[in-house]
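Residue numbers (full-length UniProt numbering), protein chains in the order written: chain G, 1 to 373; chain L, 1 to 373.
Each statement offered as a hint is correct.
Covered by chain L, according to a simulated footprint, are these stretches of chain G (three or more residues, beta-carbon under 8 Å):
| no. | stretch |
| --- | --- |
| 1 | 21 to 34 |
| 2 | 316 to 327 |
If you want the ones that stay clear, here's a sample from chain L, every Cβ over 12 Å from chain G, calculated:
| no. | residue |
| --- | --- |
| 3 | Pro72 |
| 4 | Ala74 |
| 5 | Ala103 |
| 6 | Ala113 |
| 7 | Gln125 |
| 8 | Ala155 |
| 9 | Gly169 |
| 10 | Phe176 |
| 11 | Phe179 |
| 12 | Glu252 |
Straight line, CA to CA, 30 Å or less: simulated DSSO-like cross-link-like pairs of lysine-lysine:
| no. | chain 1 | residue 1 | chain 2 | residue 2 |
| --- | --- | --- | --- | --- |
| 13 | L | Lys336 | L | Lys359 |
| 14 | L | Lys336 | G | Lys3 |
| 15 | G | Lys312 | L | Lys3 |
Keep in mind that the hints were calculated from the coordinates and are not lab data. Even glycine gets a Cβ: it sits at the ideal position worked out from N, Cα and C.
Number of protein chains: 2
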Amino acid sequence: MNKTIGIFGGGQLGRMMAQAALPLNIQCTFFEASADCPSAALGTVYSSAAEHGLQNFIQSADVFSLEFENTPLADVDVLTQSKALHPPRQALAIAQNRLQEKALFDALQIPVAPYKAVDSLDSLQAAVAELGLPIVLKTATGGYDGKGQFVLRSADQIDQAWAELGPAGSLIAESFVTFSREVSIIAVRGQNGDVKTWPLAENHHHHGILSHSIVPAPNSIDLQPVAQDYITRLLNHLNYVGVLTLELFVTEKGLYANEMAPRVHNSGHWSIEGAVCSQFENHVRAVAGLPLGSTEVVRPTVMVNIIGQHPKSEDVLALNGAHLHLYNKTEREGRKIGHITLMPNDSRELTSLCRQLAKILPNPLALSEDMSI
Amino acid sequence: MNKTIGIFGGGQLGRMMAQAALPLNIQCTFFEASADCPSAALGTVYSSAAEHGLQNFIQSADVFSLEFENTPLADVDVLTQSKALHPPRQALAIAQNRLQEKALFDALQIPVAPYKAVDSLDSLQAAVAELGLPIVLKTATGGYDGKGQFVLRSADQIDQAWAELGPAGSLIAESFVTFSREVSIIAVRGQNGDVKTWPLAENHHHHGILSHSIVPAPNSIDLQPVAQDYITRLLNHLNYVGVLTLELFVTEKGLYANEMAPRVHNSGHWSIEGAVCSQFENHVRAVAGLPLGSTEVVRPTVMVNIIGQHPKSEDVLALNGAHLHLYNKTEREGRKIGHITLMPNDSRELTSLCRQLAKILPNPLALSEDMSI
Numbered sequence: 001m002n003k004t005i006g007i008f009g010g011g012q013l014g015r016m017m018a019q020a021a022l023p024l025n026i027q028c029t030f031f032e033a034s035a036d037c038p039s040a041a042l043g044t045v046y047s048s049a050a051e052h053g054l055q056n057f058i059q060s061a062d063v064f065s066l067e068f069e070n071t072p073l074a075d076v077d078v079l080t081q082s083k084a085l086h087p088p089r090q091a092l093a094i095a096q097n098r099l100q101e102k103a104l105f106d107a108l109q110i111p112v113a114p115y116k117a118v119d120s121l122d123s124l125q126a127a128v129a130e131l132g133l134p135i136v137l138k139t140a141t142g143g144y145d146g147k148g149q150f151v152l153r154s155a156d157q158i159d160q161a162w163a164e165l166g167p168a169g170s171l172i173a174e175s176f177v178t179f180s181r182e183v184s185i186i187a188v189r190g191q192n193g194d195v196k197t198w199p200l201a202e203n204h205h206h207h208g209i210l211s212h213s214i215v216p217a218p219n220s221i222d223l224q225p226v227a228q229d230y231i232t233r234l235l236n237h238l239n240y241v242g243v244l245t246l247e248l249f250v251t252e253k254g255l256y257a258n259e260m261a262p263r264v265h266n267s268g269h270w271s272i273e274g275a276v277c278s279q280f281e282n283h284v285r286a287v288a289g290l291p292l293g294s295t296e297v298v299r300p301t302v303m304v305n306i307i308g309q310h311p312k313s314e315d316v317l318a319l320n321g322a323h324l325h326l327y328n329k330t331e332r333e334g335r336k337i338g339h340i341t342l343m344p345n346d347s348r349e350l351t352s353l354c355r356q357l358a359k360i361l362p363n364p365l366a367l368s369e370d371m372s373i
Numbered sequence: 001m002n003k004t005i006g007i008f009g010g011g012q013l014g015r016m017m018a019q020a021a022l023p024l025n026i027q028c029t030f031f032e033a034s035a036d037c038p039s040a041a042l043g044t045v046y047s048s049a050a051e052h053g054l055q056n057f058i059q060s061a062d063v064f065s066l067e068f069e070n071t072p073l074a075d076v077d078v079l080t081q082s083k084a085l086h087p088p089r090q091a092l093a094i095a096q097n098r099l100q101e102k103a104l105f106d107a108l109q110i111p112v113a114p115y116k117a118v119d120s121l122d123s124l125q126a127a128v129a130e131l132g133l134p135i136v137l138k139t140a141t142g143g144y145d146g147k148g149q150f151v152l153r154s155a156d157q158i159d160q161a162w163a164e165l166g167p168a169g170s171l172i173a174e175s176f177v178t179f180s181r182e183v184s185i186i187a188v189r190g191q192n193g194d195v196k197t198w199p200l201a202e203n204h205h206h207h208g209i210l211s212h213s214i215v216p217a218p219n220s221i222d223l224q225p226v227a228q229d230y231i232t233r234l235l236n237h238l239n240y241v242g243v244l245t246l247e248l249f250v251t252e253k254g255l256y257a258n259e260m261a262p263r264v265h266n267s268g269h270w271s272i273e274g275a276v277c278s279q280f281e282n283h284v285r286a287v288a289g290l291p292l293g294s295t296e297v298v299r300p301t302v303m304v305n306i307i308g309q310h311p312k313s314e315d316v317l318a319l320n321g322a323h324l325h326l327y328n329k330t331e332r333e334g335r336k337i338g339h340i341t342l343m344p345n346d347s348r349e350l351t352s353l354c355r356q357l358a359k360i361l362p363n364p365l366a367l368s369e370d371m372s373i
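One chain only, chain G, in its complex shape (with noise of 0.2 Å):
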């Protein structure tokens, strides 16, 4: 079996893909604007700005997955005239739009913050009334890292946030939600259609980046067989391959869902080293039929990201059981770059390894002293 996978997008998770896919004799093509993209050290990259560049990256591959969420459906119909997607593009669609991935969790029951479609200033006027303040008004397709956005916190910028966001047309208005902490699950299901699930990881932001994950998160066994039932009843209505993941804010009142990847996501990363089989490497394995390996969690694991600049390579791996995962792109503020997996076999052992790691980091995180696991 000599497979070859085409994936969308070719940035570090699609060069995390074919590393692992690699050593099961599975070769990856992307597609992907920029020709020195980090997944081009392990295969073809054709660009999408080319001239019949979507056309030879479609015949470049016998089956088709993507690591770029925004990849667009109308390069994703022309393939699915002569090739398969996976994850299906139905799931892409519905990740796209923030109203369709709602409405889709409230036909699942899963719950959500409470929320309202806006396509004018009436019902912006309506949402404000029905779901008091504040709000979170954000357009419903696009928007990223903040953008798209508008904090609604007194009823006198209803005029300022219409005519900020209106023009895009289709928007939602979402209640706050008050959280103790974000959590995500990620699981993957084959075409068979078994379904295979990772523990919850804790996801800690800074800047509204995430800056680490540990997993399993503390105190989640409770949390568990409630996001698995969440993702599995989307895995299974979608009728999807592949691996998805699904954001959730744990409240007072019980897991909420925030929002749906359609691919491997940055709290996955400590699989590679933390659990048996990891999400790249399932996810591989999904897309190319073969059977799904165990989700089991080898050593509790924090994973780290490396943010704008690079920390000093042998500073990291002089830390006792750290792995190093650099992505080969350039520096930049805010940029993800990198991730630090820590394997700590114990509480203290963490606190001592992210002290080491936060005098190391040229970029502050959100790493704490008083982190457990």
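Based on these hints, arrange chain L on the given structure of chain G.
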């Protein structure tokens, strides 16, 4: 740090080194006759058959290593005029000459089976008289998988043995050792002199080729410190940098050194999943001048070679916790074309997994039903 490591050889060992190097943003290049060698997926291959191939290879990287222990010393001598090689030339030269190797073991008081140098019919007769029969006569250099060897069982074979091997000039006559099992120890030494050792592997052969390795070797608690001491003597004496392997026989009189390999080793492939830091990553770290990683075992592991013919990937991956490593090599009798890592929870699961694996592999191996971990 974006160092490039140039590797003599381009087989599966180079492939797995480059896989370990990639996440550290370390690129590899290779010097190998065949352009479609297993390492080719991960770096530029400079043909050892091409004009200026060696010079181009030397210019392609910052620091050099090897995965092929028969790397010509003449090539190394050209290289070391301008660039550094890890491990050192001396280690390679000694490993390429059985007489020098035994002399080093003697000098470092590492026990070996009785042996004699043979360079004439007279000295062969003297060796037989001194060592007794049977003995195995080997060429001091060259020879592979039983070639260049003659097993002498009776004195009337002396003339025939000399006729066959005498033209090689320099021979070694070795006593047979009665041993209960064969083990190997793998260690790594950093540029700062740090030494780390993985646990002993118990190695099982089939028709002279490694079939599988069990790690840690069962009942090896008393052997481990002895083996560690031996390999540490070798590493320090040679001022070695990188991974070194020492094959040993377990005899009634203790451990006897068989031979050393100045490189990563088939009996260390288990460490990709089974150890915190694999032999490949630690070799790369050592060659690049980085701190060494922990050689601690994550879980007891069995590594099974795929020899000659590929099994169906889906059959292997259906085994609980199995990892598949294919080398992108064509099938040929007796050829190592991949390996499988099993990480059973206990002896019962090991037995079950090995029985299943024996049914899946096209080639019968030395997998038996009475293995233990």
